[in-house]
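Here's the letter readout for the chains.
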Amino acid sequence: MSTGTTGSGPYYLGISTEVEVFEAAWRRGLPVMLKGPTGCGKTRLVESMAHRFGVPLYTVSCHEDMTAADLVGRFVLTGGDTEWVDGPLTRGVREGGICYLDEVVEARQDAIVVVHSLADHRRELTLERLGGQTLTAADGFQLVVSYNPGYQSVLKDLKTSTRQRMVGIELGFPPLDAERTIVAREARVGDPAADELVRFGTAVRRARDAGLREVASTRTLIAAAALMGEGLAFRDAVIAAVATPLTDDPEVREGLLELIDTYGVGG
Amino acid sequence: MAEGPEGPGANDRPDLRLRRLTLLAGAIAGRRMHVRADDVARAWNDRETVVLPTAQLPTARRTVVLQAALVAVGSLDSRPMRALTRCRPGMSDRFLVLEAARAASVLADLLPRSVLSDLAATVGDLSVPVSVSDSLERARSDEALPGVPEWYGRIRARALARSDAEDAGETGGVAPSDRDHGGTAGEQAVDELDDEEAEDAETGAIMQKLQVRGMKNPFTAALQKLLGMGAAPSSDENPGAAVEDLPVGNRRQRRIGHAAGRLRTPPALASLLAPRRPTGTVYPEWDRARGRYRPDWCTVTEFDPPSPSGGPEDRPPASEPDPALRRELARLSLHHERRRRCADGDSLDLTALVDHRIAVAAGDAGDPDVCSGVRRTGRDLAVLVLLDATGSVGEGDVFAEQVEVAARLSAGLEQVGDRVATYGFSSRGRRQVRMLRVKAFDDRWDAAARRRMSALSPSGHTRLGAAVRHGTHVLATRGGTSNLLLVVVGDGLPHDDEYTGVHAQEDSRMALDEAALGGIGCVGISVRGSGEPEALARVWGEHQHRPLGRYPELVAHLRPMVTAALRNAAAGGRRSVRARAGAGP
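Those protein sequence lines, which keep their order, are chains A and B. Using the numbering used here, read the first sequence as starting at 4 and increasing by one per residue. Using the numbering used here, read the second sequence as starting at 113 and increasing by one per residue.
Since the hints were made in silico from the structure, they are not lab data. Hints may contain errors.
As the list claims (entries may be wrong) - Here are some of the chain A residues that sit facing chain B, going by a computed Cβ distance under 7 Å:
(1) E50
(2) T70
(3) R77
(4) L179
(5) R209
(6) G258
(7) L262
(8) T265
To be verified - Beta-carbon label-pair distances, calculated as ranges:
(9) A:L133 with B:H447: 39 to 47 Å
(10) B:R487 with A:R94: 20 to 28 Å
(11) B:S217 with A:L235: 29 to 37 Å
(12) A:T62 with B:R439: 29 to 37 Å
(13) A:D89 with B:S217: 51 to 59 Å
(14) A:P59 with B:R450: 28 to 36 Å
(15) A:R191 with B:Q527: 55 to 63 Å
Beta carbons are placed, not taken as given, at the ideal position from N, Cα and C, and that holds for glycine.
Construct the entire structure; sequences and hints are all you get.
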């Protein structure tokens with residue numbers, strides 16, 4: 004287990020070998036694919052790595068209407084003339100930064116194929132709109148994508164040709180001890196409160212088929228802990244930060260309240 | 113944990129309380145579990161359902177946690193349970209104490225700290241068993257162990273000794289299983305039983321000895337009759353059904369051969385007697401009692417509605433859609449389309465750019481919209497409106513309002529450019545399910561369609577399952593878009609000849625689930641709520657259904673309902689089917 008990053012950089016506590024794999028991939032210029040449930044720390048890992056490498060980070064939150072031009076760049080009209088403006092991917096390529104495509108499966112596949120030539124041995128980006136100009140990625144450039152395999156609809160998945168260009172890192176929710184440390188540190192609360200929250204979160208994650216859209220992620224537990232740090236009771240904080248965002252179904256909510264009360268009595 | 117009621121919610125109505133405890137049990141067990149209350153002295157579970165003493169409901173949390181934890185750590189697997197049935201009385205309580213200690217240690221990272229401390233108080237300095245077999249061994253030994261606190265509940269080893277607990281949730285008792293027939297029945301010692309179990313087990317043991325598959329002898333038959341376990345007299349219109357599915361004890365013999373028990377009248381005679389009807393499409397029907405489909409059970413036939421007797425103005429034609437409804441409909445199911453001359457977009461529209469440059473060169477300001485981009489503006493939705501044209505929706509006002517809803521929907525959808533078809537449906541028994549074609553997908557919503565709509569009059573009954581299956585078929589074969597939607601306008605409740613109650617409701621629900629699995633969103637709209645919310649819940653479950661007081665409510669609720677239905681369908685109906693799987697005891 005590697006130690007958490009320190010100093011002024013974003014805090015990330017390594018659970019397995021993900022930090023080592025990420026570092027090795029960056030040194031060799033290999034693109035990385037982060038898989039894991041929402042709120043388990045994918046984005047935080049990338050932020051922490053960019054800080055550690057000392058390179059700029061360009062984050063793109065992918066969505067259905069995103070096009071290749073949103074990544075590469077486009078002409079805009081200034082006065083009577085058109086002017087080319089680099090997109091985040093092109094800037095990353097020119098400056099040698101990390102380009103992070105968050106929730107990459109949300110984007111349509113024809114928008115994603117532009118990264119193919121960057122994601123293999125060529126490491127170059129062709130700008131068709133600039134007359135086929137080809138940019139070779141500067142040192143330090145790395146493509147990172149993330150997605151949540153369970154969340155999106157089955158119809159949306161990454162193309163095999165895109166997937167096999169990537170080094171995969173699978174993240175899950177951290178084990179109890181690590182998650183307790185993370186929650187306590189991020190929310191600046193004491194260990195007992197963090198412990199009870201993390202137990203509760205583990206229980207929610209085990210409640211399969213309960214009709215929950217998502218489970219209680221590390222992020223939501225940190226939010227609940229932060230509310231507790233501001234003086235809210237366990238029950239109120241967990242309802243606000245976990246139960247209410249998780250479900251609209253009255254029956255599931257009642258079940259969650261029962262779970263909250265079961266865990267809340269010792270906290 | 114305190115002995116008093118457990119804070120907020122603890123003193124709720126029992127049914128609400130049980131529903132609240134269900135998620136807790138599932139979270140601890142790591143699998144779906146049910147919770148129910150019964151008139152028992154101590155709580156127990158059969159790996160699927162935690163049974164709580166009714167009186168203990170307000171303080172049941174730690175009991176539920178422990179019982180579910182036993183499931184999670186495998187204490188109640190069939191192997192140790194079979195071993196336990198062979199032990200002397202009192203052994204299961206000693207086993208429970210040991211396994212509770214093991215569960216507390218294995219699940220130390222999961223269980224609430226309050227329950228962990230309650231467990232620790234009981235266990236004291238007992239050394240924690242390392243495995244189930246260790247617990248078994250120590251339970252059999254003469255080691256001194258603490259007694260079982262009341263709140264632990266108990267282990268009913270006999271009920272758990274079976275490998276598959278599939279119907280244990282229903283019966284809660286001992287029913288012979290495949291394994292028992294396989295020769296393990298001899299393992300069932302009768303030394304550690306309470307009264308209710310002993311009675312069940314005795315009957316079970318006798319019946320097992322008599323139930324040899326495929327064997328029939330007069331003694332068996334007489335005894336089965338005496339114990340009420342023979343074939344029930346068939347209430348089916350098909351007397352052959354008794355033969356095709358002969359229950360023997362708790363087992364069922366499947367009929368042999370596809371055509372067994374199907375013919376009633378010689379075919380030649382039948383063809384003379386039966387009135388000539390247009391050939392239809394046959395669909396299966398879900399038989400809940402037997403847990404399987406009745407193949408080729410219903411015949412659905414499409415008709416054009418009878419011509420109106422009077423002139424075209426027999427009844428006023430359905431009114432035009434109002435702008436509010438059209439606005440809602442316009443926002444449904446769009447797909448991407450390339451648009452030119454946009455203010456913003458991923459590339460330049462060269463024609464627009466040249467125009468702009470010329471205008472600027474000529475001293476004009478020019479049109480700055482020179483981009484082209486992809487926008488979600490294309491229509492990609494096919495809707496089948498199924499109007500319940502049966503007696504059950506009642507005469508007069510209610511039916512007229514439902515016709516109006518169906519008509520406005522059809523008109524509105526056509527105006528915004530979606531593909532829409534409209535059918536009325538009614539039935540008289542399973543062979544006469546009639547689909548009245550008001551508008552097919554390729555027809556216009558014109559005066560003729562409006563006349564056909566107004567010619568509908570309520571008659572017959574509602575075989576909802578068959579109508580939905582035919583609707584699914586029509587959409588899948590003639591819809592032609594990637595988003596498909598089935599809208600049922602009616603009271604949403606099935607009723608037909610030999611199609612009533614739970615059977616009809618379960619079949620209708622199954623038909624809706626099939627549609628969702630096939631990628632078709634299902635929405636039910638009834639004007640004026642029926643007085644049977646439970647039946648409606650059984651039919652529609654997780655599918656979108658809403659009783660509307662009056663037509664204007666439709667506008668407010670339509671889009672969220674349709675969006676949710678299409679989302680469910682896009683997920684392959686997972687939500688509705690999952691909810692169904694969870695519809696337990």
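Evaluation of the provided hints:
Hint status for A:E50 relative to chain B: violated, with the closest Cβ pair at about 28 Å, above 7 Å. A cut of 7 Å between beta carbons decides the hint on A:T70: the least distance to chain B is about 4 Å, and the hint holds. The interface hint given for A:R77 holds, since its Cβ lies 6 Å from the closest Cβ of chain B, which is under the 7 Å cut-off. With a least beta-carbon distance of about 4 Å to chain B, the hint placing A:L179 at the interface is held under the 7 Å criterion.
Here the hint on A:R209 is kept, as its CB sits about 4 Å from the closest CB of chain B, short of 7 Å. For A:G258, the interface hint holds, the least distance from its beta-carbon to any beta-carbon of chain B being 3 Å, beneath 7 Å. The beta carbon of A:L262 comes within 5 Å of a beta carbon in chain B, closer than 7 Å, and the hint placing it at the interface holds. A least Cβ separation of about 5 Å between A:T265 and chain B falls short of the 7 Å threshold, and the interface hint therefore holds.
Separated by about 30 Å at the C-beta atoms, A:L133 and B:H447 break the suggested range of 39 to 47 Å. Distance hint check for B:R487 and A:R94: the Cβ-Cβ separation is about 26 Å, which falls inside the suggested range of 20 to 28 Å. Between B:S217 and A:L235 the Cβ separation comes to about 32 Å, which falls inside the hinted range of 29 to 37 Å. In this structure the supplied range 29 to 37 Å holds for A:T62 paired with B:R439, their Cβ-Cβ distance being about 36 Å.
Remark: the range hint 51 to 59 Å for A:D89 to B:S217 is upheld by a beta-carbon distance near 58 Å. Between A:P59 and B:R450 the beta carbon distance is about 33 Å. The supplied range of 28 to 36 Å therefore holds. Between A:R191 and B:Q527 the beta carbon distance is about 58 Å. The supplied range of 55 to 63 Å therefore holds.
Comparing the model with each earlier hint shows violations of hints 1 and 9; every other hint is respected.
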